[in-house]
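Each chain, written out:
Number of protein chains: 2
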Amino acid sequence: MAFSLQPSAFILHLNLIEKALNKALPSQHVLPKTIHRAMRYSLLAGGKRLRPLLCLAAAEACSNRENILKEVMPVACALECLHTYSLIHDDLPAMDDDDLRRGKPTSHKVFGEGIAILAGDALLTRSFELLSQITPPKRYPLIKFLQEMSVAAGSQQLIAGQVADLEAEGKKVTLADVRFIHERKTAAMIVLSLRLGGMMANATPKQLKALTKFGKALGLAFQIIDDILDVTQSSAQLGKSAGKDLAAKKATYPAIIGLEASRRKAAKLTAASDQALRDFGPRGKMLGLFAQELLKRPS
Amino acid sequence: MAFSLQPSAFILHLNLIEKALNKALPSQHVLPKTIHRAMRYSLLAGGKRLRPLLCLAAAEACSNRENILKEVMPVACALECLHTYSLIHDDLPAMDDDDLRRGKPTSHKVFGEGIAILAGDALLTRSFELLSQITPPKRYPLIKFLQEMSVAAGSQQLIAGQVADLEAEGKKVTLADVRFIHERKTAAMIVLSLRLGGMMANATPKQLKALTKFGKALGLAFQIIDDILDVTQSSAQLGKSAGKDLAAKKATYPAIIGLEASRRKAAKLTAASDQALRDFGPRGKMLGLFAQELLKRPS
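Taken in order, these protein sequences are the chains called P and D.
Those letters in the first sequence? Residues 95 to 393, by my numbering.
Those letters in the second sequence? Residues 95 to 393, by my numbering.
Think of the hints as simulated: they come from the structure by calculation, not from any bench.
Keep in mind that a hint or two might mislead.
Heads up, the list lumps identical chains together, so a pair's fine if it works in one copy or across two of them.
To be verified - In the DSS-like style, the derived pairs of lysine-lysine whose C-alpha atoms are separated by at most 25 Å in a straight line are:
| hint | residue 1 | residue 2 |
| --- | --- | --- |
| 1 | K127 | K266 |
| 2 | K164 | K238 |
| 3 | K265 | K203 |
| 4 | K164 | K390 |
| 5 | K307 | K127 |
| 6 | K164 | K266 |
| 7 | K265 | K127 |
| 8 | K379 | K117 |
| 9 | K303 | K266 |
Just chain P, with the same shape it has in the complex:
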């Protein structure tokens, strides 16, 4: 793992998420065993669980119903399936060509490229299947969840970011290019996680707007810090190949505006994200902890 995000405040939530993820996929004995082994290998490989955690925290910020964590869990699992599918496909030789992920060999290194592609496809499909397990709240019918998730994961958001990333490699890129990539590849999924969590808690339109603002700032800060870590940390610390972005001349903030300016930008964005939480009062505490934790990462 690139960093540890497990202060005591998150342990309860992380345990619930790991348990739910374990049940969110068919067992490895279900035929064809290969595909279910490959899906489980990548989904249950650890990871920060940032998106499910944000989803749960957003729900708690908007509701104090006792069952809220249980109700929001299928959405949290869907978000992690979506994230894991994008990692598996990003790591493929035809994309970023990465051998390590979360400290373990990438899916195609273990199962071969064909099965890795299919495992990604299956996790993407599963994320929509999980969405069908929710009981939607009053303000937000199922169709809203389906729209938000399919748009954020689609060709103008998540996939657009990956395409722009792929096309930027080896070329001279501007800050606007880098921003285009980060907003779509990372921030869009962070915003989605928060919004779906808020929606499950029947958030008011005003609350949903605040969550979106928080997520946009946090998402960009998160990606900038990830870029910084790629430059400053070793492969062992990162759990993935270090310096790869630099070697591939990838579009990153440190490469364009330098390390120090990148750190200042990340700190500024994190402060902005904190500001967006004001109206939630004490219920926004867990979301606030996230912003703090992000800046505490070794860098």
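Given chain P, put chain D in place with the hints provided.
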């Protein structure tokens, strides 16, 4: 195209489908242009449109409402997006490694492997987005559509078929193996197309059961005939590389039970599919034409 399925009875429907497909994706000028060009290249490359046609025909078999074709169209387009995604990924070098599809170079030959993988991902995601455009009928809420589509496209149906197909290559396979593959890779999507069409038309449970029975027989017959064509036709006739299945020792009916027995099996299944339509009366006419057309294919 492997065969032409365009008697006058289908022309109206085919025109409507082509028009709707053209509008079902962002234009090629939307950023990032590459991904939308790649999505449109494969989706609008012709093809038999079998799944959308079956979807429309099933809806007409269950309803005589004037607007039924218009109402069912987002579902029909979603099915074709789903089918096209599976073709793009199946054709990749890590899978079947095919250079030709529908008479044109495959996606990865034109756009490179990275973009081809992402174009498949984007079409899969788009199929779920299209589902969010429907107005579900009384008997079947959106959740039913989401469940049926995600399960049929998931790791125990469509993807399971592709995994088993991949793993069968070069090995000695039994008739049970071939059936496992065909039922999941082809029949599951045919059945899905019919069921979703029926559901949009508010089909009775009895009608939905008959559509399922029809689809299972038709889907298997369709795949067996596809296998036969691979042995008996040239690449020019097929619009894709001929004899590839045989060369790759792929699991096919002709390879296991021989050409003649395969033809008899296909004829028997087509008769069974016809039988399942009895209760629809004259409204099942278009579905019946499909079964006939399938057997008329040059073989």
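- Query: Given identical chains, is K164 near K266, meaning Cα to Cα at most 25 Å, within a copy, between copies, both, or neither?
  - Reply: Neither, since 47 Å and 47 Å both go past 25 Å.
- Message: Treating 25 Å as the Cα threshold, decide for K379 and K117: within, between, both or neither.
- Response: neither (29 Å within a copy, 45 Å between copies)
- Message: One pair to classify: K164 and K238, alpha carbons no more than 25 Å apart. Within, between, both, or neither?
- Response: both (20 Å within a copy, 22 Å between copies)
- How would you classify K127 and K266 at a CA-CA limit of 25 Å: within, between, both, or neither? between (44 Å within a copy, 19 Å between copies)
- 25 Å Cα cut-off: does K303 pair with K266 within a copy, between copies, both or neither? Neither: 35 Å inside a copy, 58 Å across copies.
- Query: For the identical chains here, do K265 and K127 meet the 25 Å Cα criterion within one copy, between copies, both, or neither?
  - Reply: Classified as between; 17 Å across copies, 42 Å inside a copy.
- Message: For K164 and K390, with the copy left unspecified, which applies at a CA distance of at most 25 Å: within, between, both, or neither?
- Response: Neither: 30 Å inside a copy, 55 Å across copies.
- Same-copy or cross-copy closeness of K265 to K203 [CA-CA at most 25 Å]: between (28 Å within a copy, 23 Å between copies)
- Task: Measure nothing new, just compare the shortest in-copy and cross-copy C-alpha distances for K307 and K127 to 25 Å and report within, between, both or neither.
- Result: neither (42 Å within a copy, 28 Å between copies)
Hint compliance for this structure: hints 4, 5, 6, 8, 9 are not met, and every other hint is.
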